[in-house]
Amino acid sequence: MVNVQIDGTWMQFPKGTRMIEACRQAGVEVPHYCYHPKLTSPGNCRMCLVQMGMPPRLAPGQEPEKDEDGRTKIQWMPRPAIACANTVADGMGIRTGGELVDECRRGVMEFLLINHPLDCPICDQAGECRLQEFSVEHGNGVSRFVDNKVKKPKNVDIGPRIRLDDERCIMCSRCIRFCQEIPEDDVLGFTDRGSHTVLTTHPGKKLANDYSLNTVDICPVGALTSNDFRFQMRVWFLKETPSICTGCGRGCNTILGSREDEMYRITPRENDAVNSSWMCDHGRQEFQLLSNERRLTDPLVLGDQGHRLSSWSEAHQTAAAGLKLLGPEEIAIVASARMTNEELYMVRRLAAHLKTEWVDVVPRSQEGDDLLIAEDANPNSLGAKLVLGLENPGAKLADIKAGVEKGTIKAVLAFDENLIGAGFEEASLKKLAFLLNTHLLANPTADVAQVVYPSAGFAEKRGSMINVTGRLQRLNQAVQPPGQVMENWEVLRDLIQALTGSNGLYMIEDVFKLMAGEIAAFKGLSLTKIGDLGVALLETEEKVPLLEKERERVAKGLIVG
Amino acid sequence: MGDITYKAGREPHPREKRLIFRNVDREGWDTSIDCAMKDGGYEQAKKALTLEPKAITDEVKTSGLRGRGGAGFPTGVKWGFIPPTNTKPVYLICNADESEPGTFKDRYILHQDPHQLIEGMIISCYAVGAKLAYIYVREEFPEAAKILEKAIGEAHEKGFLGKDIQGSGFDLEIYVHRGAGAYICGEETGLIESLEGKRPYPRIKPPYFPAALGLYMSPTIVNNVETLCHVKHIMEMGGEEYAKLGTPRNTGTRILCVSGDVQQPGYYEVEVGKLTFGELVNDVCGGLKSGRKLKAVIPGGSSAKVLRADERFKIKKGDDEVEIGVEDIPMDFDTLMACGSMAGSGGVIVMDDSRSMTWVLNNINNFYAHESCGQCTPCREGSLWMKKITDRVVSGGGTPSDIDTLAGVAKNIDGRTICAFGEACSWPTSSFVAKFRDELVASTTEENAGKATTPEAAAQRRYLKAEPVA
Ligand SMILES: Cc1cc2nc3c(=O)[nH]c(=O)nc-3n(C[C@H](O)[C@H](O)[C@H](O)COP(=O)(O)O)c2cc1C
Ligand code: SF4
Ligand code: SF4
Ligand code: SF4
Ligand code: FES
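Line order of the protein sequences matches chains A and B.
Under this note's numbering, residue 561 is the last one in the first sequence; the count climbs by one each step, no gaps.
Under this note's numbering, residue 470 is the last one in the second sequence; the count climbs by one each step, no gaps.
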């Protein structure tokens, strides 16, 4: 530990702490553009300049001068130092304000703005732009610049999902470093020099890697914008809901950006046990499904003329009627490892009421990568295993399918899965006495189901899931579902009620409580206790490749982490 | 020097002391190794390889040699910065990127005496423990690269490079690397990045001091061409003897490149500090052009602060403080520093009273705006801004307040950048404004205030005043 004086107060920090992090821990945010704790520090923006001092070097025999506290007086250096890349040392003093520092910040702000287009009114970054923020805090009220600005390419198509405005770029190189250091796809770079420097892609290449949109997040200005979000919504109108991505088993922590029950974007939220500060591009597009034209918005019941809209109670009555005549051996439940633990728990209760042993989920695997994308494409496989008591998810599917074909299974309840996509034959499904399908979207299984329930999407509901490393995490509701759509656990509750006539669950918290009473792993937990960062629930062998790499880079001192 | 004859019209001035430039313009001299060896070439390398490496570094420390690349840092001290616990390979790089305006010395060594450099490098590499060395040659010197390649080949053939040099057990390879065509490639960490195949973006120091974390993050010694040549002569003379050349703390000889308004501009190798600026101009360079008066001098390459002809300086002489004029300044590192400028790279730019300081400053600003690498904010934006202002002032569109803005911009760059280019580009402006303010202001007119020269400028100006815009 070393003693460091920050703005007059002495504190202790571990050796090697960057000055900017020491200041942060002391409660002082040093303004910065190029520094990002997860990336290397080139020290190029010069926004983080602070004044630094050290104990004076003494001549032999000379006694150091002491201040009132008996500490060696600091000799302040006339030149400012960057706080982002320099580390603290014993006896060091840091001033994050004062004449020199204020002047440095004003100077850098002025330099950054003289060639900036200042098209804030039409810029998507406005409202969350560091240039705007630091202008307010540290800039000048007026400009001394009267000459022509440097002209650069605008609206450049640099990849399938991103556009570049080179005039807005402040050349902090965050995006370049991100591409080099995280996805190791070195496609971005600067060409030309001086104030004419432009960011561009390598000739013949595009910024198209699976993590490209992270550059948009870390770009401190509006130089990089996402094609999806461009010109869609002023950011200050967005409601921010912390949640998790359900795109694969990783469960990257996210922020859902919505306004008035419409989703506009998903951005990553830092969680150093899951996704660091990043997420993949696929996960960000998940919300597009919520407004898909094939979205189901009301319960449907099959009649002579095909499906017709129904009320929830009619749909539940129809389902109950369809199931009541059948024995436990004749009913199968195909649930989904995309469902939350709470929904799966309601499935478990339903299965218990129906006394069926035929319960399984549809496994889903994909090619993972060596960063975040998991091989398990389902977000809650471990939850399904735990809550439904499945040893090997998907193991019973073949038997269920065979039973359906043979006619021994006469009813199937397919929750959030399209059976036809999972290998069931349409013809054999048509032979079933009763088929229920809940789904977000119209799908071939729903086409032949007697009862169709619309599902709520991930941004429309609350609940919890367990990711591939065994971490229990929380989904939160950002928007209200459309039409008559209800949260799925409520739908399942009502179905059980229609079958049994009894049930007293009113809140999802109650579901969790019941579940925690029945399943040991959840004991002592509640949705509140899961918190925004989740809790490590199950031991697994799974490592997060991206985090392993970051740890190595921290150990080498390349990044703060 | 008695037996050496120089080409007619190219004879050294009697006040010169030719060590490094001994063979430059020499009659009958060529770049072959045979020619060099007939003249004692590689004898010092042979001698060095029989010594302890540390003994060589000690000789260099004793010699007091200071780097000739610009900063004047003591060479032996720099060599001593390689961490004693180092286990990585050590590299030596010869900085032959010579591109500071006003500087033209290294090119003559490269073009006319490559073996002197190679010999200096062998000795230096042996001293610092480098088995691999690079000569980073300015892109605009294609001939020099060819000459060096040939010379390195010859040195190989004669067993001065390669494995087990002269039976000493010491291995060394030297590679020529063509520069990337930018001034910033001469800044040592920019050079290292460039050598690694990247854009020459200078690195932040700390932590990337080359002697500890240089080429491929290994200890690297970067020295100027002339500096490395001096090592050969220190080997020959011994550090103590070498230190008798020049003046205390400013030892040896150095090549001054005089350009501008003198009768005989050119390169002159003199003992450091043994010549005043007045003697240099009047005796060695044949004086100013006829009928002209001295107006200003930039004494150490374009980035050094300008000195005005009528300035007076207080400097220490022994224990006393004396006041001197420009012509009395001895051309050494310490005195020029004490006078508020620097000896830099040895480029002495002399300006007489025919020169417009506004034009000169604009010319310099043009260079720096073109050469800023653009990595860090103050230099990237500031260098071009200063150029734009002086562009406007020289073309008659300036206002008196522009001169204040110039000074303000320069101040906001100085000391706040990644590399010393920040100082290099701001010192001309800050010193010109400080010393020729009246002349600069006289190139502007009050009427231009608020006047816009282009539609874009008109749009800019709308936001200048807090008053409502019509
Ligand atoms: C912008 C800039 C350009 C430079 N260009 C050169 C150059 O062309 N040649 C050179 O020897 N040193 C140049 N230097 C100095 C080098 O960074 C380095 O200090 C020098 O090569 C060290 O050699 P020395 O110790 O022998 O002087 C430059 C420095 C800066 C800041
Ligand atoms: S990047 Fe920031 S400052 Fe620039 S136009 Fe956009 S919002 Fe305005
Ligand atoms: S595009 Fe954005 S992140 Fe990339 S260098 Fe420019 S300002 Fe920085
Ligand atoms: S000071 Fe200038 S040349 Fe040096 S790194 Fe910064 S922008 Fe580049
Ligand atoms: S944050 Fe950019 S230089 Fe420190």
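Since the hints were derived computationally from the structure, they do not count as laboratory data.
Since we're looking at a predicted model, the values are computed, not measured.
Careful: at least some of the hints might be erroneous.
Unchecked claim - Reference listing, derived: stretches of chain B covered by chain A, where coverage requires no fewer than 3 residues with Cβ under 8 Å from a Cβ of chain A:
1) 140 to 152
2) 363 to 371
3) 379 to 387
Stated by the list, open to error - Which chain B residues stay away from chain A? Per the calculated CB distances, all over 10 Å, these:
4) I4
5) D310
6) I418
7) E439
8) E456
As the list claims (entries may be wrong) - BS3-like mimics (lysine-lysine), calculated; alpha carbons at most 30 Å apart, straight line:
9) A/K151 to B/K451
10) A/K206 to A/K149
11) A/K355 to A/K385
12) B/K61 to B/K47
13) A/K556 to B/K205
14) A/K556 to B/K131
15) B/K316 to B/K293
16) A/K73 to B/K293
17) A/K396 to A/K205
18) B/K274 to B/K205
19) B/K7 to B/K163
20) A/K73 to B/K244
21) B/K7 to B/K131
22) B/K316 to A/K556
23) A/K151 to B/K198
24) A/K205 to B/K131
25) B/K198 to A/K154
26) A/K549 to B/K163
27) B/K158 to B/K198
28) A/K151 to B/K411
29) A/K149 to B/K198
30) A/K149 to B/K163
31) B/K293 to B/K317
32) A/K549 to B/K88
33) B/K88 to A/K15
34) B/K198 to B/K316
35) B/K205 to B/K163
36) B/K244 to B/K88
37) A/K549 to B/K198
38) B/K54 to B/K289
39) A/K15 to B/K451
40) A/K149 to B/K61
C-beta: ideal position from N, C-alpha, C; glycine also.
If any of the earlier hints don't hold here, list their numbers in rising order.
1, 6, 8, 16, 17, 18, 19, 20, 21, 22, 24, 26, 27, 30, 34, 35, 36, 38, 39, 40
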